[in-house]
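2 protein chains.
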Amino acid sequence: MHAYESPELSCVKPADPVLAGRIESCMKRTIPSAAAKAAETGRIDAFDLEHYHGERHIYWDSDTAKILEGMAYALTIKPDEKLAALFRSWTEKIVSCQCADGYLNSYFTAVCPQDRWKNLSTRHELYCAGHLMEAAVAGKDLPGGKAFLDAVCRYADLICAAFGREKGKRRGWPGHEEIELALVKLYRATGNRRYLDQAAYFIDDRGTEPNVLAAEEPPAGTVFSVQADKPVREMTEAYGHAVRAVYLYTGMADVARETDDGELLNVCEKLFDNIRSRKMYVTGGIGSSFQGERFTRDFDLSNGSLMYAESCAAMGLCQLASRLFNITGKYLYMDVLETALYNGVLSGISLAGDDFFYTNYLEVDDNLVCYNSGSPVRQKWFGCSCCPTSFCRFIPQMGRFVYSVGEDEISVNIPAANTAELRLKDRTVKLKIEGNYPYSGNVRIVVETAGAFTLRLRVPGWCRAWRLAVGNETFAEPVIKRNWHAGEVVAFDLDMPVDAVCCDPRVTGNSGRAALRRGPVVYALEEIDQSCPVRELVLCPDRPMSIVSAPGLPAGTPAIRGTALREIFPEKTLYTVTPPRYEETVFTAIPYALWQNRGKTNMCVWNRILRAAY
Amino acid sequence: MHAYESPELSCVKPADPVLAGRIESCMKRTIPSAAAKAAETGRIDAFDLEHYHGERHIYWDSDTAKILEGMAYALTIKPDEKLAALFRSWTEKIVSCQCADGYLNSYFTAVCPQDRWKNLSTRHELYCAGHLMEAAVAGKDLPGGKAFLDAVCRYADLICAAFGREKGKRRGWPGHEEIELALVKLYRATGNRRYLDQAAYFIDDRGTEPNVLAAEEPPAGTVFSVQADKPVREMTEAYGHAVRAVYLYTGMADVARETDDGELLNVCEKLFDNIRSRKMYVTGGIGSSFQGERFTRDFDLSNGSLMYAESCAAMGLCQLASRLFNITGKYLYMDVLETALYNGVLSGISLAGDDFFYTNYLEVDDNLVCYNSGSPVRQKWFGCSCCPTSFCRFIPQMGRFVYSVGEDEISVNIPAANTAELRLKDRTVKLKIEGNYPYSGNVRIVVETAGAFTLRLRVPGWCRAWRLAVGNETFAEPVIKRNWHAGEVVAFDLDMPVDAVCCDPRVTGNSGRAALRRGPVVYALEEIDQSCPVRELVLCPDRPMSIVSAPGLPAGTPAIRGTALREIFPEKTLYTVTPPRYEETVFTAIPYALWQNRGKTNMCVWNRILRAAY
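Protein chains in written order, with the numbering used here: chain A, 81 to 694; chain B, 81 to 694.
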C-alpha cells in the first residue's frame, strides 16, 4: 500500500472555471456566514459553561469544529488577520471548557456530566470529539493551534484510556462514525501510535458480540442503521445512514493503509463497489431515502419526492474515494470522486456560497411533494446544520484532489487548471495546468521543474478518445516517464462530446430517459431556459447538439442546446385516450451543479428521450 | 333533488363475471375470517367490561360494527342460522355494555370513563358511534336487530343531547368523520328528524371559530389533516386524510339531499371534481401519500414506493359518488364509481377473499422500497384493520350500484348481469341483465314486467361508440320511455376496444407511459406473464392487440396480448452511454384488480409505450 499521498493544501492553487471560484466564494461567504450563524445560534457562547443559559444541542461542538477546520484551511490559502484572531479566540473558548481529566464537550459538561459516555449510539459524543481532532490537526500550525492541538490530544488520551477491550476499559463504539478517521489524522500529525491503535479498536470491535450499542439503545433498527449490527469485516453491502457509512469506510481505509491490512482494504473496496455500481445517483449523490438519510436497496434511486442524496454524503464519498485511490492507484475511484465533486457536491451550495441544499433532488416539479424539506429551495442554515459546515471544510481542500503524489511519480487525477509545487521523495516539482477543464477537454500541462519523474495521467471513465503528446512525441499509454526539461508542455486532449447517459432498467423511474453529460459534468434542464414546462419535453439526443454560453451563469459556463419534441395533449383532462401531438422545439441544459442559481424553477436531470433506434 | 334511490340490497342479484363471485367469496371467506380475527384479537371479549383484561384499542368497536354490518347484508342475501346466531350474540354483547345514560363504547367505558368526549380529534369515539349506527340500521330487521337498534338510538340520543350550539350542550366534531352519514341513515331508518339535525350540526359547525378541535389537540397540522380547519362550505379542494375526507363529503351530500341544500351540494360537487380531475389514480385510488394516508397536491400521483391509495378510501369514493349520482343524475359520478369499483377497490382483496392490501400500489418492483408496508403483499389482517372490515360491508352491497331508481324511471348505471325487482312509485319491475360486462360490451336487458316506465342507460365515459335497440327499433339517445311489453329485450352494445390511456404530463412519473384499459377495467402487466422483466418492456399500443384468456385466473377473465419491444442494454453497468437495442416480443396484461392472485411478482400499470406518431 502507500501508493500515493494527496498534496498539502498549500501546494495547489486552482485557476480553473469551477474549483477556483467556489473556493473563493467559500472563503468570502461560506465560512464567514457559517461563523456568524454559529455565534448567533449560541454555538460559541455554549463553551462559557457557567454563563451561557440558552438552549444547547448535543452535536453543536461538531459544527463549531467543522467551521474551525474550514477557517484553518482558509488561513492556509490566504492570511487574514481578523479570521486568524477569530480562530484563536474560538479555540481558546473551546480549550477553556476542557475538564481537568481532559474531557471536552460543551453539552455534556454543562447539561449532564453524569451522562458522559452513557449513550454512544445516538448522542454524538465521539462524533464531536472526532471533528475537534480534525480541526486541531488542520490548525496546528496557526497561532493558537498548538494549545488547541494539545488540549485535543489530552481529550484523545482520555478516550483511548476509556474505550477498549483491555482491563480497566469499557467497550464502546460511536453511533455516528467519524472519530476513526480523525484518530488516524491525529496519529499522522503527532506520530503517537496510540491514536492509530484506538482507531483500529473502534473499527475492529464494532458490531462484535456482545453488541454494546444494541444493549444501550433498545429501538430496533438503530444498530443496523449505524452499521453496528455485525463486524465490519463481514460487510459486503453499503447500508444504513449514508454519511455514517462513508465516514466509517474512510476510517477503515485509513487504518488499512497505516497497518497494511489487505483484508480490511478488500472490505472497503467491496463496499465502495456496491455503492458505485448499485446505489449511486449519476451525480454521485448517495443515500437515496429521506427516511433515515440512508442507503436503501440496490437500484432504488428515485429522482423526486422521497429522494435524499445529502450534500454531506456526497462529500463523504469524495473523501472515501480519495483515500481508496491513494492506496490502490485505481482510477475508478477518481471517476466517482470527480462525478460527485462536479455534480452532487457542488449542487448543494449556491454560487454565492451561503445557500445550501441538504437534499439534492434530481427532479423538481411544482406538482411533486418533497418529503424531506417541503420546499426544494436552498436554505441559509438548518436546525441540524451539518451540510453548511461540511462545505466550510470541504471546499477549500478541493484543489488537493487534482493530484496524487508518489515517491517519484505525479498522478494528474483531475486536470483542472492550477499552479502547483509538489514534493516528491527527492525533489519538488513545479507544474502548471492550463485549460478550461471540466468544460473543455484540451489540457496543457507545463512542467516547470527539470528532472526525472513519472507523470501519470488519468483517462477519465467518461472519455472514449484522447491524445497525449509532448512536442511531436505521442503516447499510446497515459504514462510519461522521462527526464523532463523545464518548460516542457504536455498536450493532453480528451474528446468531450455530449453523452446521453442511460441507466440500468432496474432503476425503474429512469426507463426511457437519459441524463446528458459532457465530460464529468452532468446537465439538467431548468424550466426557465425552455419554451414550455420541462415535463413536456422529449429530448432527441441522436440529433446534433451544440455548446452555447449558459445564460445568466458565470462567463464561460457551457450550456447544451439541442432538439426536443414538445408533447402537447389536446385535452386538459387527467386521463385521456387522445394521443398527444409533437412539435419540434429547442432545449437548453445547464450544469446540474449550477441549477437554482437564477431563481426557483422546475428542473429535471433524467429527461425523456426519443431514440433514433426505435 | 331526490332524483334517485339505490335499490335495496335484496332487490338485485348479480350474475356477472366480477361482482357475483366477489360477493360469494366475501360471504364465504371475508366475513367469516374477519369475524374470527375479531374474536381472536379480543374485539368481542372487550365488550365484557369486567372480565376482559387484554389490551384494547380505541377504535375496536368500529371494526366489530363494520363486520356486523357485513353480516347483516350477508344474512339479507342468504339466510344462515349460524351466522344469524353470531349476529345476535355479538349485538347482545354490545348492548350489554351500554351505560345507563346510553353511552356505548367498550374502550372508554372500561379504560377511562373520565375521558369520555375529552379528545374528539384523535380518539375515534364519534367514529365508532357512527359505525354502530350503520350496523344497527343494516340489521334492524334481523333477529336481535330491534334491541340493537334501540340501544344505538339511545346512544345517538345521548350524542344529540351532548353536542350542539344550544344552551346546555357543548360544541364538538368528530376527528374521524363518519357519524354524519350514519346519523342520516339513522334518520331514514327511524324517521327521527333529530338525527338529521344532529348530522347537519356536525357538518355546519365543523371548522368554525373558535375551533374546538384545535383547542383540544395542539399538534400543528392535525386540524387540517382532518378537514376541520375551516367551515366546510368554504372548501374547494380535497385535502387531508383521504378516507375521512370522502366520509365527510358523503355526510355533506346526505344532509344536502335531505334538507334540499343546494349550496352544500355545490360544495360536494366541487370537491368531487377536484378529486376526479386532479387527485385520482386511473384505478380510482385516492389519497396518494403514505404519510398521513392523505391527499397531497394536484397531480402528485406517484405509482410506487410512497403511494398509498388505501382500499378504504376507494370504497369511500364509491359511496360518495353513488350519493352524488343519486342526487344529481350526472353519470360522471358513475364513471368514477365504476372505475374505482372494478379497479382500485377490488385490487384490495384477493379472489379468495381473505387477503388484503391496505396500500394499492400501481407499480411494484423488487428494486423499489415500499414506504408504507415494507412488502407489497396482501395480508390477512392488520394492526389497524379497517380495510378488511370495510370489505365485509362494502362487497355485499355492490349489486346496489347497478341501478338507481326514480319515481317512474330506472337508471342502468352499470350493466352487470343480474336479476332484479325494482320498486318504482306505482309498480315493481322485474329486470334481467345478461352478458359479460365489464369484460364484454354486449348487454341484453330483458324487461320482465309490462308497464310504462323510463329506462335510462348510462353510456360510460370510456365508451366512444354504442348502439341501442329494442327489436328493430334503434335509439340515438340512451333513454327509452315506453309502455313495455313483458319479455321485451333491450340490446345495448358498447364498443370496447383496448385503450391506451395517457396521463396529464403534470403527473411527471407517467410521462411517456400509458395504462391499458378496456371498458372500465384497467390492466396491468404482471412479470409472471412476460418473457422478461416488466421494466424492460416498451409497449406498442398502435400495433394490433388481441383479447385472450388470462392464464391462471377465473375462466372468462380476459387478458390483453400485444406487441412490445424489449429494451436490452449490452452492458450491465448502472450508467452507460451505449444505447440499448430492441427486440420484438409479446406482452400480456391482466385486469389490475386481479394482480397478485398467482403469487408474488412485479407489476406495472403505467408502462412505457412507443408511439407510432413520433
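Hints in this document: simulated from the structure, not taken from any laboratory.
Possibly wrong hints are sitting among the right ones.
Within a straight-line C-alpha distance of at most 16 Å, the following computed EDC-like cross-link-like pairs (lysine to aspartate or glutamate) qualify [stated by the list, open to error]: (1) B:K158 - B:D230; (2) A:K410 - A:E349; (3) A:K652 - B:D378; (4) A:K652 - B:E88; (5) B:K173 - B:D125; (6) A:K561 - A:D575; (7) B:K220 - B:E172; (8) A:K561 - A:E487; (9) B:K652 - A:D353; (10) B:K173 - B:D230; (11) B:K265 - B:D277; (12) B:K652 - A:D378.
Covered, in the sense of this in silico footprint (three residues per stretch, anywhere, with C-beta under 8 Å from a C-beta of chain B), are these stretches of chain A [what the hints assert, rightly or not]: (13) 352 to 366; (14) 573 to 585; (15) 612 to 622; (16) 648 to 660.
All C-beta atoms, glycine included, are put in the ideal place defined by N, C-alpha and C.
Consistency of the hints with the structure:
no., hint, result
1, B:K158 - B:D230, "25 Å, violated"
2, A:K410 - A:E349, "11 Å, holds"
3, A:K652 - B:D378, "14 Å, holds"
4, A:K652 - B:E88, "39 Å, violated"
5, B:K173 - B:D125, "8 Å, holds"
6, A:K561 - A:D575, "24 Å, violated"
7, B:K220 - B:E172, "13 Å, holds"
8, A:K561 - A:E487, "13 Å, holds"
9, B:K652 - A:D353, "14 Å, holds"
10, B:K173 - B:D230, "14 Å, holds"
11, B:K265 - B:D277, "12 Å, holds"
12, B:K652 - A:D378, "14 Å, holds"
13, 352 to 366, "holds (count 5)"
14, 573 to 585, "holds (count 7)"
15, 612 to 622, "holds (count 4)"
16, 648 to 660, "holds (count 10)"
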